[in-house]
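Sequence order for the protein chains is G and D. Counting from 1, one number per residue, gives the positions in the first sequence under our numbering. Counting from 251, one number per residue, gives the positions in the second sequence under our numbering.
Take the hints with a grain of salt, since some may be wrong.
A short, non-exhaustive set of chain G residues, derived as facing chain D with CB atoms under 7 Å [to be verified]:
#	residue
1	Asp-36
2	Leu-44
3	Gly-48
4	His-245
Residues of chain D placed beyond 10 Å of chain G at every Cβ, according to the derived structure [as the list claims (entries may be wrong)]:
#	residue
5	His-271
6	Leu-275
7	Pro-278
8	Glu-281
Beta-carbon label-pair distances, calculated as ranges [as the list claims (entries may be wrong)]:
#	chain 1	residue 1	chain 2	residue 2	range
9	D	Glu-296	G	Ser-244	46 to 54 Å
10	D	Thr-332	G	Trp-250	19 to 27 Å
11	G	Ala-179	D	His-271	52 to 60 Å
12	D	Ser-268	G	Leu-44	40 to 48 Å
13	D	Ser-318	G	Thr-209	48 to 56 Å
14	D	Pro-278	G	Leu-44	36 to 44 Å
These aren't lab readings, by the way, just hints derived from the structure by calculation. Bear in mind the structure is a predicted one, so any value in this text is a computation, not a measurement. A virtual CB, placed ideally from N, CA and C, is assigned to each residue, including glycine.
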Amino acid sequence: MSGALFDYVLGLADDALISAQRMGWWISRAPQLEEDVAMANIGLDQLGQARNLLAYAGEVEGDGRTEDCLAYLRDERDFRNVKLVERDQRDFGVAMARLLIFSAWQAELYAALARSADPTLAAVAGKAVKEVAYHLDHARHWVVRLGDGTEESHARMQAALEAEWPWMEELFDSSTVDATLIAEGVAVDPATLRDAVLTRVEAVVGEATLEVPQVAPAVGGGRRGLHTEEMGYLLAEMQHLTRSHPEAAW
Amino acid sequence: MNDWPLWEVFVRSRRGLSHVHAGSLHAPDAEMALRNARDLYTRRQEGVSIWVVRSADIEASTPDERDSFFDPAADKIYRHPTFYDVPEGVEHL
Numbered sequence: 001m002s003g004a005l006f007d008y009v010l011g012l013a014d015d016a017l018i019s020a021q022r023m024g025w026w027i028s029r030a031p032q033l034e035e036d037v038a039m040a041n042i043g044l045d046q047l048g049q050a051r052n053l054l055a056y057a058g059e060v061e062g063d064g065r066t067e068d069c070l071a072y073l074r075d076e077r078d079f080r081n082v083k084l085v086e087r088d089q090r091d092f093g094v095a096m097a098r099l100l101i102f103s104a105w106q107a108e109l110y111a112a113l114a115r116s117a118d119p120t121l122a123a124v125a126g127k128a129v130k131e132v133a134y135h136l137d138h139a140r141h142w143v144v145r146l147g148d149g150t151e152e153s154h155a156r157m158q159a160a161l162e163a164e165w166p167w168m169e170e171l172f173d174s175s176t177v178d179a180t181l182i183a184e185g186v187a188v189d190p191a192t193l194r195d196a197v198l199t200r201v202e203a204v205v206g207e208a209t210l211e212v213p214q215v216a217p218a219v220g221g222g223r224r225g226l227h228t229e230e231m232g233y234l235l236a237e238m239q240h241l242t243r244s245h246p247e248a249a250w
Numbered sequence: 251m252n253d254w255p256l257w258e259v260f261v262r263s264r265r266g267l268s269h270v271h272a273g274s275l276h277a278p279d280a281e282m283a284l285r286n287a288r289d290l291y292t293r294r295q296e297g298v299s300i301w302v303v304r305s306a307d308i309e310a311s312t313p314d315e316r317d318s319f320f321d322p323a324a325d326k327i328y329r330h331p332t333f334y335d336v337p338e339g340v341e342h343l
């Protein structure tokens, strides 16, 4: 039971942590200084969610691992995030398409999780709901702006959606969450979020005059520790300092 | 994107106070300017309300006008509320 809860919390924590790391890449690279700060803010919100969840995961596990141990001293196979968040995103359209999907999912997830039978999860989710609403709003604005913009921005936004869409399905895979946790009202059944998330995302796609991609889902496995090639590079960068200088402090 | 217009940002720090100029930013339109302002100027809970206005829409006095604008007020001390005795213990006058 505690093993299943650990896995569940870790999965949600890693989604937020890895997404935050990818958002951080945009600092100094976004189209405008203002957007640099916006993306950093969003990444910091996600990092805050990750910290709360990692600390709780460590507590559930009961082996004395802190949030830092979990973030910086685990190897790739021990990360439980979905593949949606881990891949490179060096195209601004891709970053916004992904943020749209991810924050729409987080919005539904956290809204449901705020009613979890687990008081810590409910509290973390309750706090994150407002943050995620802003992330979703930010992504929606850019997707609509670019989709309903020039001929080129429309084409590139459509391509970005096509690139991210296959990775959405993994978010709704119920086999990744322990059935007992769902039955007890601790965890949210991922499949139950599918319709609401798709409704949110497709409404934005429509508003942006874009087409809903008709693409086959990508192969998941992130929740079981199977990741894409880009994950190793991300971890190398994220964990480098802590691993080279253990227990370094400011 | 260098042709994005400049916007001036005014932030009200709490209810009852007025909006105060916080700085400026670039944005393509008012909606985006408001969002950028939220991200740039209220990161540390500085505000409960934001106004944005295009810098180009502000009519400002110029340094050349300083003498004619402001100097005539210099010798009119009767305009200052310095001729009243403030009763002791009155905090909000």
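* To do: Against the structure, test the hints numbered earlier, and report the numbers of the ones violated in rising order.
  => Result: hints 1, 2, 3, 4, 6, 7, 8, 9, 10, 12, 14 break, sorted rising.
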